[in-house]
Structure formats: C-alpha cells, structure tokens
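So the chains spell out like this:
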Amino acid sequence: MSASEIPGDLKFLKSHEWARIEDNGLVRVGISNHAQEALGDLVYVELPEVGAEVQAGNGVATVESVKAASDIYSPVSGEIVEVNESLADKPETINEDAYGEGWLFVVKISNKDELADLLSADDYAEQIENEDH
Amino acid sequence: MTQKTVLNALHRELGARMVDFGGWDMPINYGSQIEEHHAVRRDAGMFDVSHMTVVDLHGARAREFLRRLLANSIDKLKVQGKALYTCMLNEQGGVIDDLIVYLLGDEHFRLVVNAATREKDLAWIEQQAKSFGVVVKERPDFAMIAVQGPNARAKVIGLLHEVDRPRIEKLGRFAAAAGQGPHGIPLFIARTGYTGEDGFEIMVPEDQAVALWKELAAVGVAACGLGARDTLRLEAGMNLYGQDMDENVTPWEASLAWTIALDEGRDFIGRKALETQKAAGVQRTMVGLVMDEKGVLRHGQKVLTPQGEGEILSGSFAPTLNKSVAFARVPAGVTDNVRVDIRGREVPVRVVKFPFVRDGKACEGI
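Chains as they are written, first to last, in the numbering used here: chain U, 1 to 133; chain L, 134 to 499.
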C-alpha cells in the first residue's frame, strides 16, 4: 500500500495503531495496513473488556498472527465503550480491511489534549517509508 | 553477508515478503501464509529450498564412512536412488544436524543438509572423511524446488519428457531418479518432502531454476513461502533443527529414536553416549501438545507439568486444524495436567501423539 492510500483523517502511534476521531469524543482504534502486512495472517485477537479504563501508551489488546504476538497500545486515555466482537471468529478481517471493518476497539476519550501527541497520516507515512529502507 | 538463491529476483517480482533465514534472504510468504498452507494440503504448492546444502561424497570407502558418520544405518540403502533420513551426532550423542542421504552409486552418495548449519556440517564431514579417503564436494550448482501436495506429482510428471513419465510415476517414497524436464532441463527428482504431503523435491541446475519455476506456475502450482513450510511440517510432526533439537539434545530426547539404528557391531559417532543414556534412563522427552483454547503456542513458552517444567520447542497456529499445536520438551513420564504459560496466563493443553495432520486431515484425538 502506498503512503497516499492511508486515510488522511487518521492519527497514528509510532507503534502502528491508528485512531479515528468520531463524534461525542469517541476514538476508534485499529492497526495500520503496514502493521497487518508485517504481521501476516492474523489468527487470534484478544480485546479489552467494555468498561475498562485505559491509559494512552499502555498495552490493552493483543493480536496474534501465524508469525508473532503483538501488544496493541491505546493511542488515548479513557474508557473502552465498544470492542469489535466479530474479530473473535474472523481475525482475518484485519488483514482484509485494516482501516475499516478490522477496527479493534472504541475509547471514550478523557483528555482531548492527548490527540496532539499523535502522528498525522503524512508523518506516519514518512515513518514507514523510512523503515522500509 | 546475506545470500540469495537464484530465484531471489523472481520472488521479489511475485511480491514476496522476504526475511533472513539462516543468512539467506528468503520468501516467508507471497501474500497469505495460510492460503499457501491450504494450497499444499489441498492441491499443489512449491517452495524454493535452494538454500539447503547439497554435498556429494565420492570414494571406495564412502559407505564405510557413512556407517561411522550417521546414526541411522546406511546399509538400509541397497538400491540406487534410495534415500534415508538420519541424524549426524557428536561424540556426546548430541545432534549436529539432521539430513537426507541418497545412494547414487557404489562409491557415490549425496547428502542434503540444513542451510543454517552448512559451515559446521561441512567442517565436521570433511574432518571425519579424511581417514576414509572420501572426497567431499559441495554442489552449489544445484537449485532446489520442493513441489508438494496431493496433486504435486501429477503436475510435475506432466512436465517431464514423455519417455521419463512412467518411470517417475513409479518412483517409490524416499527414492530419487534423474529425469528430463521442460526444455530438456536435467532434473534430479526425489519423492521426499517436509510437509506431510506427497510430492517431489527437485534438484535443478541453477541457471535453469527460474524456467522450471515458471513452468510449474503455469500448470497451477502455487508459490509458497517458508512460513507455510513451517506450519506444514509442524502439523506433519516433523522436527526442525535448531528449534526441536541441537547439539545439546540426543535423538532419544527429540522423538527421533526411530532414526537410530543400533545394528550389531556398527561403531557410529555418538553411539556409546546414546547407549549410556538409554541404560541410565532418558530424563527428558518430546511430546505433542494441542491447545483447544484461543491463542498460539510459541517457541520458548514455559510448560508446567506435575513432573516439573518444560518448554515449547516448535509452536504455531495450525491452519488445517484451526487451533494451535506444538512440540514441547518435558520431563519423562508427562501424560496430562499440562499447562502453558502464555504471557502470564496459564492455559491448559492436551498431550497428544503426533503427527497432528495426515493426508490433509486431523489425526485421531487431535
């Protein structure tokens, strides 16, 4: 996937999680297309409990591919209000649609200032560009 | 320095994700490792295994040398072309490498050894060969393509010169023969593999490997990476050197007792140590594990048993079974009440006989 195909409305962590800011202070979180490509076929996803309080930068979920297990960090602090239950049966959805149907969880943000710390889509594109060389 | 097989540029052209494998730049997959795995279980897939080391042995005393070098009995090979799987041990009974040996003539044998152990293997073989006057000659001029799956043999045979077809059709398991491929390419075709499926491992002159690969692709053989090769061989219950055994592990401790031939009066390297260990009682054993819960067993995870701790050797998600399986080294006598520590969570697993998969289907009790 070329850099131009990263949806411009997303913010990123260096560790390849994306955050989409939605209405009412909700932030939807997933992993980047670059991350799913690097991990290979996903076979198992461990999601947080709805209602759990999470801190920005802390591990809150795990995705496992055939190759490796990876911790998923929350880009923002707040309360988990929704998780993508369909991934339990179809973890490959992340491989197929990392920025859409393959989302992981939704956080109700407690501190909007944290959004300023995230990478823009362009900055993230530049980061993965540099990783590849 | 990273080494490349002659098919490297083609893998990249096909969009393969490349990884370092024992110093070689190799394809891990061409998109989906799981789809490649299924292609081999259900139809036919091919792997570039040109990184493996081919060594020819020549000499009047070559057979006598191999009686000494190998833990399995070279005298099981009586007919030209027949192959044998065996370990090569050190004096302590530890596994230097596992390999396949082919009988090619009265004074000519061929070994295929692992890529990651190439240098120490060659040094060891040359050192041992000296007193037998055996000439050790590496064959970097061969590339190797493994074609595996229920339809693999038919697809390969269809590409051969028609005079060769009936003969290669009749080739028995663990036997090899020369044959002429497309464009007259001279091939060394062995009915062996590392996937648990039928098929061939084909040695081809390096400069004609790309042509052969393309011909195979044209008849519907799927390109498969080393990722699928690993899950296929694990399901099939086959050991991986460096993960399931090494120089500090004896064949007794690695479920390789079936490859040890304690034939009368044969003084192979490591035999004394193996006999001593067996007489004293082997303290560790390798078992198969299946996890019914979600998650993936992986190399290095701690195994908890009533008899003490062990560890996961090869562990992975098994695409044919849609759950995780593993080999583990545990104290002798472990039969049940086994758990695995997965990042702090103790998950129950079942101890099972392996292979886990045979003929494309789960074995009984898996």
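These are calculated hints, taken from the structure and not from any lab test.
Cβ atoms here follow ideal geometry from the backbone N, Cα and C, with glycine treated the same way.
You may find that some hints are simply not true.
Stated by the list, open to error - Which residues of chain L face chain U? A few of them, derived with a C-beta cut under 10 Å, are:
id	residue
1	ARG150
2	ILE161
3	ASN223
4	ALA287
5	GLY291
6	THR364
7	ARG431
8	ARG476
Unchecked claim - Derived CB-CB ranges, DEER-like:
id	chain 1	residue 1	chain 2	residue 2	range
9	U	ASN130	L	GLY156	40 to 50 Å
10	L	LYS137	U	SER120	47 to 57 Å
11	U	ALA52	L	ALA344	24 to 34 Å
12	L	GLU380	U	ILE21	33 to 43 Å
13	U	PRO7	L	ASP176	48 to 58 Å
14	U	GLU49	L	GLU252	31 to 41 Å
15	U	GLU53	L	LYS435	26 to 36 Å
16	U	GLU49	L	GLY291	53 to 63 Å
17	L	HIS316	U	PRO7	14 to 24 Å
18	L	GLU497	U	SER120	23 to 33 Å
19	L	HIS432	U	ILE21	32 to 42 Å
20	L	ARG472	U	ASP117	49 to 59 Å
21	L	HIS432	U	ALA52	50 to 60 Å
22	L	GLU380	U	ALA116	38 to 48 Å
Of the numbered hints stated earlier in the document, which are not met by this structure?
3, 4, 5, 9, 10, 11, 12, 13, 14, 17, 18, 20, 21 and 22
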